[in-house]
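Letter by letter, the chains look like this.
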Amino acid sequence: MSSNATQLSQQQFKIVLLGEGCVGKTSLMLRYCQNKFTENHESTLQASFLTKKFIINNTRVQLSIWDTAGQERFHALGPIYYRDSNGALLVYDITDPDSLSKVKSWVKELRKIRGNNVVLAVVGNKTDLLSPQQQSNGADNQIIDEAQKYSQSVNAYHYCTSAKSNRGIDDLFLDLTKKMLAQNQLIQEQTQVKSRSSASAPNQRGLTIAADPPTDEEEGADTRRNKCC
Amino acid sequence: MSEENNSYVSNQWEPSSASTPTTTSTATSDTRRRNHERGDGVDGQRSTRGHSLSRKGLHIDSSALMCQNGCGFYGNREWSGFCSLCYKQIRHKETSVMSPINRWISPEMLSLRSSSSASSLSRSSTASSANSSPANTNTGSAHSTPALFTKFEEKKRQQSDKKSKTLKSIFKRAATFRESKNSSASNSDKSVSTPTSALQSLTDRQLFSFDTLSLGEEVVAKFLREAAILDIKRQINKIVDKMNKSANKASIEEMSEQIHDFYQMMSTRFTNNPFYREASSEQIEQLVDFTERYLMQQLYQMLFTRIQHEEEDRDLALQKRIRSLNWVMAQHLDVDINLRHPEIKDLVDKAITEVIEMDSKQVPLEKLECIVNCSKTIFKLLQVNSQEPVSADQFLPALVLIVIKANPPLLQSNIKLITRFSTPSRLMSGEAGYYFTNLCCATAFIENITGDSLNMTEQDFQSYITGEAQPPGAYQQSTFLCEAFRIMSSNMAMLSDLNDRQTKFETQMSELTDSIHTFRDDMLKRTHSALKPLPPTVYSVPPDVDIKYIPTAFRERILNQRTQTEGILIDLGNDANTAEDNSDVAVDGNHIDGNTGTDAQVVEGEDTLSPEQHLPPPLAPEILQKP
Numbered sequence: 001m002s003s004n005a006t007q008l009s010q011q012q013f014k015i016v017l018l019g020e021g022c023v024g025k026t027s028l029m030l031r032y033c034q035n036k037f038t039e040n041h042e043s044t045l046q047a048s049f050l051t052k053k054f055i056i057n058n059t060r061v062q063l064s065i066w067d068t069a070g071q072e073r074f075h076a077l078g079p080i081y082y083r084d085s086n087g088a089l090l091v092y093d094i095t096d097p098d099s100l101s102k103v104k105s106w107v108k109e110l111r112k113i114r115g116n117n118v119v120l121a122v123v124g125n126k127t128d129l130l131s132p133q134q135q136s137n138g139a140d141n142q143i144i145d146e147a148q149k150y151s152q153s154v155n156a157y158h159y160c161t162s163a164k165s166n167r168g169i170d171d172l173f174l175d176l177t178k179k180m181l182a183q184n185q186l187i188q189e190q191t192q193v194k195s196r197s198s199a200s201a202p203n204q205r206g207l208t209i210a211a212d213p214p215t216d217e218e219e220g221a222d223t224r225r226n227k228c229c
Numbered sequence: 001m002s003e004e005n006n007s008y009v010s011n012q013w014e015p016s017s018a019s020t021p022t023t024t025s026t027a028t029s030d031t032r033r034r035n036h037e038r039g040d041g042v043d044g045q046r047s048t049r050g051h052s053l054s055r056k057g058l059h060i061d062s063s064a065l066m067c068q069n070g071c072g073f074y075g076n077r078e079w080s081g082f083c084s085l086c087y088k089q090i091r092h093k094e095t096s097v098m099s100p101i102n103r104w105i106s107p108e109m110l111s112l113r114s115s116s117s118a119s120s121l122s123r124s125s126t127a128s129s130a131n132s133s134p135a136n137t138n139t140g141s142a143h144s145t146p147a148l149f150t151k152f153e154e155k156k157r158q159q160s161d162k163k164s165k166t167l168k169s170i171f172k173r174a175a176t177f178r179e180s181k182n183s184s185a186s187n188s189d190k191s192v193s194t195p196t197s198a199l200q201s202l203t204d205r206q207l208f209s210f211d212t213l214s215l216g217e218e219v220v221a222k223f224l225r226e227a228a229i230l231d232i233k234r235q236i237n238k239i240v241d242k243m244n245k246s247a248n249k250a251s252i253e254e255m256s257e258q259i260h261d262f263y264q265m266m267s268t269r270f271t272n273n274p275f276y277r278e279a280s281s282e283q284i285e286q287l288v289d290f291t292e293r294y295l296m297q298q299l300y301q302m303l304f305t306r307i308q309h310e311e312e313d314r315d316l317a318l319q320k321r322i323r324s325l326n327w328v329m330a331q332h333l334d335v336d337i338n339l340r341h342p343e344i345k346d347l348v349d350k351a352i353t354e355v356i357e358m359d360s361k362q363v364p365l366e367k368l369e370c371i372v373n374c375s376k377t378i379f380k381l382l383q384v385n386s387q388e389p390v391s392a393d394q395f396l397p398a399l400v401l402i403v404i405k406a407n408p409p410l411l412q413s414n415i416k417l418i419t420r421f422s423t424p425s426r427l428m429s430g431e432a433g434y435y436f437t438n439l440c441c442a443t444a445f446i447e448n449i450t451g452d453s454l455n456m457t458e459q460d461f462q463s464y465i466t467g468e469a470q471p472p473g474a475y476q477q478s479t480f481l482c483e484a485f486r487i488m489s490s491n492m493a494m495l496s497d498l499n500d501r502q503t504k505f506e507t508q509m510s511e512l513t514d515s516i517h518t519f520r521d522d523m524l525k526r527t528h529s530a531l532k533p534l535p536p537t538v539y540s541v542p543p544d545v546d547i548k549y550i551p552t553a554f555r556e557r558i559l560n561q562r563t564q565t566e567g568i569l570i571d572l573g574n575d576a577n578t579a580e581d582n583s584d585v586a587v588d589g590n591h592i593d594g595n596t597g598t599d600a601q602v603v604e605g606e607d608t609l610s611p612e613q614h615l616p617p618p619l620a621p622e623i624l625q626k627p
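Top line first, the protein sequences correspond to chains A and B.
Per full-length UniProt numbering: the first sequence = residues 1 to 229.
Per full-length UniProt numbering: the second sequence = residues 1 to 627.
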C-alpha cells in the first residue's frame, strides 16, 4: 500500500456548496456521496460534511464537500465557509429565478475573496421538473439560458442536474475535480516561476493570484481525459 | 524476579523504606501495594509467569531493597531504587541523550500513556512503567509482572484496606506524597533525575495529561524507535526554545507563522527523513498529531495567556452579548428542538457540556475534538424527530442555539488559539475543520445578530435584549430556571397537553359510540328486510345452450319444472342443434323470442332448493353463452 501511495500523488480539495434554501444542495451531495458508498459511510446521521475519495489521472483525490446553511440570515457568513476552498458549487433551482440571482451575488463574493483560485460551477438542479421535451432539448428553459450566459461571463462552468433522478451529478463532480486539478497545477507552476524569478523570497507563502486559466485549452484537455474514466 | 518488580515502586514512593525496610508500617505497604498494582496492572498482562500464586506469603517490604532493573542486586533510594550499576547506565543514557525538556517525552512516556489511559491513574503508573522501561523499551522485557499476581494483589489490598484505614495511615501517606514530590522537583531542576521524577514533576505541575496523548502503543512498538522519537523531541525542543526566547517581542501572528512553518517543516521531515521511512501514512498522521499535542502543551501557557490578554475585550463582549440573548428559543431560529422532549433535553445538555469543555483543553487538537463531539451530539438531537440526514440548514441554527445556551468561556480566545496554532491542513479540510468553521460562523452570527435575523421586529428584539420584555413561552424554556422549576413547568405543560388529549379522546369516544348505535340500527333494519322470504327468482337459460354445460343440479330442476308446470320448459333433448331446430317448443308465455329461439327458464325459490343445492357451483358466464 505504501508503495502505491508513493506512486500516486495525493490531492485534497475543499468544495463548498452554496445556494438558497430548498434548491437541493443537500440532496445533491447525498446523492453523489452515498449512492456509491452506502456501506462505507459510517453514518447517515448528517449530510452537511461528506468526503469522497477516488483516483483520477493517477492522482488520489479526496473531496471534502461542505454544505452551507442557505437561509438568508446566514448569508453574511459565507466568507467564513469558503475560505481556502478549491471549488464551489453554486446551486440554483431551474424553476426559481430568484435562486439564480442569489447565485450571482455569491459568485461576486467568491471572486472577490478567492480570486481565480476557486473553480466555480453553477448548477441548475431539479431538471426532473422540466417537461420531457425540454429535457431532450436541453437548454430550452429561460432560466437555464440565462444561467449559461452568466456562467460564461464570469468564467464559471454550468451544469444541469437532477438529484431526484440522479442525472448529471457524477459528471458534475468528476468534471469539477478535473478542473480543480488543472487549476492547482497552474497555480503550482506559477508559484514555481515566481519563486524562481524572485530568489530573494523563496519561502513565499500566502495567496498567489493566478491569471485567468486558458479556458479553451482546458476544455480540450478535459475531453481527452474524459475517456479514461 | 517478582520481588524486584514489587520493590521498585515502594522504593520510589517510600523514601524511608530503603533505610528501614523491615519496619515499614502496614499503612505504607498498603499504599505501596496499591501503587504497584495500578502501575503493573497493564504491563503485567504480557507476562507469562503463572506461578505467582504460590508466592502468597511473600512479604513485600523485603523486596523493597532489590534493584528496580531486576538485575538481582540490591537497589538504593539514592539511586532511585536502582543498583549502582544500573543507575549509572540509566544516568548515562539520560544525560547524553536528553535535555531537560526532551526528557519529558521519553519513549517510556509513550508506552506509559497507553497504559495509564487504561489504568486511568497516571501517578502510580508513572512510577511503574517509567521504571520498567529503562531496561529495554523495544523488547518489552520489563513488562513482566504477572497478571495473576495483580489479581492476588487486588485481593490482598482489599483485605488490608479494611484493617489499615486509620488516621495514622492517612497522615503517613500524605507525608510521603509530599516528600516524593519535593525530591523529584529538585531532582529535575538539577537535570540529573530519572525519567520517573521528571514525569513526576510534570504531573505535579499538570503540564501533561497522559490521556490526551493518543499515540497508540503499537506505534511505539513497531516503529517509533528511539531515533525517531529523539528527532521529534529535538525539533520540538528547538522551536520551544526559540519561541520562549522571542515570546516577549513577537506578536501572536508572528508566533503563529513560526509554528506553522514548524508544522510544515515537520511534515516534510516525516516524509523525507530516514528515521520515519518505515512509518505508514497513518502513523505519520499520528506523528503529526503527536507533534502538535506535545508542542502545544509546552507552549500553551505562554500562548494562551497572550491571546487571552489580547482578546479579553472581545471575550467579555461576546459573553455579555450571549447573556443578553438567553431568551432566544428554537423557534426564533426556525429549528426544531423541543426542549420538553426528555431525550432531546439530555442531548442538548450534553452538547452544552461538550462545547464548554473545550476551554479546559490545552491543545488545539483536543479543543477541536470537543467541537466535533458537540456537533455530533447536535446531529443526534436533530435526528430524534426526523429520519432524514441532517443538513447544514438545520445544523447551523442548532449550533447557534447551543452556543447561546452554553455561553462557553473565552470563546474568542479559544477560536483564535485554534486558528493560529492548529495544523493548517486540519482546519482547511477535514471534519474537524468543518465543524470548527461552523462554530466560527455561529459566533459571528451571534455577534451580529439582529431582530431581523430572528424573525422579529427590531423593537421587540431590543426590548427582549434589554430584559424589558420576554418573548412568549420563554419562561418554560429558559435555562436560568433551576432544574426543579424547569421540570415542573415542563410537567405542567405535559399535563395540560395530556388533558387536551384526554378531552379530545373522550369526544371521539362518544362520536364512535353514536356511530356504532346508528350502524347497529341500520344493520338491524337491513337484516329484517333481508330475512323476508324472497319471491321466486326466474332465471332464463338461452335455448341454444348445450345441456352438458348446465350444472346437474339445474339440469334436474329443469326437468322437474317441466314435469310440474306444463309448457314452461323447452324440451332440450340431448343435442344443442336439435334444440335449436325445435324452436317451436313453447315457454311460459313471458319470454318468446321468435328469431333466435326461446329462452329456457328456471323458476327458483328458496323453498324449492334442497340444502345441498343452496350453494350451486359457480357458473362461468361464458359457459352460458353459445360456444
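Since the hints were derived computationally from the structure, they do not count as laboratory data.
Given the structure is predicted, the values throughout are model-derived calculations rather than measurements.
Incorrect hints may appear among the rest.
[Unchecked claim] Derived PhoX-like pairs: lysine-lysine, alpha-carbon spacing no greater than 25 Å straight-line:
{"id": "1", "chain 1": "B", "residue 1": "K361", "chain 2": "A", "residue 2": "K52"}
{"id": "2", "chain 1": "B", "residue 1": "K361", "chain 2": "B", "residue 2": "K350"}
{"id": "3", "chain 1": "B", "residue 1": "K376", "chain 2": "A", "residue 2": "K53"}
[Unchecked claim] Listed next, with one range per pair, are the computed distances between beta-carbon atoms:
{"id": "4", "chain 1": "A", "residue 1": "P79", "chain 2": "B", "residue 2": "I356", "range": "21 to 29 Å"}
{"id": "5", "chain 1": "A", "residue 1": "K149", "chain 2": "B", "residue 2": "I356", "range": "34 to 42 Å"}
{"id": "6", "chain 1": "B", "residue 1": "D346", "chain 2": "A", "residue 2": "R60", "range": "55 to 63 Å"}
{"id": "7", "chain 1": "B", "residue 1": "E310", "chain 2": "A", "residue 2": "R60", "range": "38 to 46 Å"}
We put the beta carbon where it would ideally sit given N, CA and C, even for glycine.
Given the hint that K376 of chain B pairs with K53 of chain A, test it: the Cα-Cα distance must not exceed 25 Å.
This hinted pair holds, its Cα atoms lying about 22 Å apart.
Outcome for the supplied range 38 to 46 Å, where the beta carbon pair is E310 of chain B and R60 of chain A:
For R60 of chain A against E310 of chain B, whose Cβ atoms are near 40 Å apart, the range 38 to 46 Å holds.
Consistency of beta-carbon spacing, I356 of chain B to P79 of chain A, with hint 21 to 29 Å
Hint holds: Cβ distance 27 Å, inside 21 to 29 Å.
For the pair supplied as a hint, K361 of chain B and K350 of chain B, confirm whether the alpha-carbon distance does not exceed 25 Å.
At roughly 17 Å apart (the allowed maximum being 25 Å), K350 of chain B and K361 of chain B satisfy the hint.
Consistency of beta-carbon spacing, I356 of chain B to K149 of chain A, with hint 34 to 42 Å:
For I356 of chain B against K149 of chain A, whose Cβ atoms are near 51 Å apart, the range 34 to 42 Å is violated.
Range agreement (Cβ of R60 of chain A with Cβ of D346 of chain B, hint 55 to 63 Å)
41 Å, violated
Are K361 of chain B and K52 of chain A close enough, with their CA atoms no more than 25 Å apart?
Between K361 of chain B and K52 of chain A the Cα gap is close to 31 Å, so the pair fails against 25 Å, i.e. violated.
When held up to the earlier numbered hints, the structure conflicts with 1, 5 and 6 and fits the remainder.
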